[in-house]
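Participant: Protein sequences, first through last, are from chains A and B. Residue 137 is where the first sequence starts when you use the working numbering, and the numbers rise one by one after that. Residue 487 is where the second sequence starts when you use the working numbering, and the numbers rise one by one after that.
Hint data in this document are derived by calculation from the structure and do not stem from the laboratory. This list has only true hints and no planted wrong ones.
According to the in silico footprint, chain B covers these stretches of chain A (three or more CB under 8 Å from chain B):
| no. | segment |
| --- | --- |
| 1 | 219–230 |
| 2 | 274–280 |
List of simulated lysine to any residue pairs, SDA-like, C-alpha gap at most 20 Å:
| no. | chain 1 | residue 1 | chain 2 | residue 2 |
| --- | --- | --- | --- | --- |
| 3 | A | LYS285 | A | THR275 |
| 4 | A | LYS285 | A | ALA168 |
| 5 | A | LYS285 | B | SER549 |
| 6 | A | LYS285 | B | ILE545 |
| 7 | A | LYS285 | A | GLU157 |
| 8 | A | LYS285 | B | ALA538 |
| 9 | A | LYS285 | A | MET172 |
| 10 | A | LYS285 | B | GLU537 |
Computed from the model, here is a short list of chain A residues facing chain B with C-beta under 7 Å:
| no. | residue |
| --- | --- |
| 11 | HIS158 |
| 12 | VAL161 |
| 13 | VAL162 |
| 14 | LEU165 |
| 15 | SER233 |
| 16 | LEU244 |
| 17 | MET248 |
| 18 | ALA263 |
| 19 | PHE266 |
| 20 | ILE267 |
| 21 | VAL270 |
In this text, a Cβ means the ideal position worked out from N, Cα and C, and glycines have one as well.
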Amino acid sequence: MSDDADTPVDDKPTDDAPVNEHARVVRALADAMLRMSVLPVAITVVVAAIAGYFAAGVPGVAGAVTAGMVASGASLFTLWLMHRTAGMASMFVLGASMGGFLIKMFALLVTMMALRGVEAVDAMTLALTFIAMVLVWATSEAVAFRRTKVPTIVPGR
Amino acid sequence: MSNIVLAQAAEAANINAGLAAIGYGLGAIGAAIGVGLIWAAVINGTARQPEAQGQLQGIAWISFVLVEVLALIGLVVYFIASGA
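Throw the hints in and build the complete structure from the sequences for me.
Facilitator: This is how it looks when you write it as structure tokens:
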């Protein structure tokens with residue numbers, strides 16, 4: 137057995153292991169993205185639910201809430217991936233991000249196909265709310281990225 | 487004459503879903519190229535300057551999110567256009 141087997145993979149700070157500064161930067165960015173997105177996303181779901189109620193009644197509200205849950209789940213999955221892959225080499229992050237992308241697209245496809253023709257959920261409200269949610273998530277995350285002070289060069293260990 | 491018009495309208499409705507699928511497939515090419523370019527640049531940049539790995543991955547993730555939005559919106563627009 138070599139000593140490499142005892143090396144912590146995710147480089148979380150422990151007493152005997154140095155902190156991976158690169159992972160810390162990515163995790164700080166993911167946390168900032170989450171903090172920045174919570175309020176705009178909640179407001180968007182509420183506004184979409186109200187608009188859906190006036191446009192299509194209770195099915196409109198159901199569509200807005202469903203779209204909010206699916207879109208938020210997709211975005212939270214991305215942030216979770218950022219946390220999980222923060223300490224990995226770039227080539228593994230590439231694989232993880234593409235795998236996550238594939239899972240998200242498949243989940244969205246299954247959701248849209250499962251809800252096709254369901255009377256209790258208004259399809260147009262669902263679609264428009266999903267687009268709005270995705271845009272709000274992306275905008276919030278971009279703003280968080282801009283506001284996060286990430287150092288250009290992280291000194292080595 | 488009106489029967490011909492009705493038949494043409496029905497046929498147009500039938501091919502709508504197929505056209506929407508083709509359109510989404512073409513749109514997905516852009517997102518695929520974008521994601522590939524993003525991570526290729528990160529791998530290159532990290533290989534050239536390992537000290538910048540954290541910064542590069544942060545930029546890559548936010549770029550990935552923005553490109554991913556295009557693909558997600560495209561899928562939803564496909565369902566709208568195909569008459570879901």
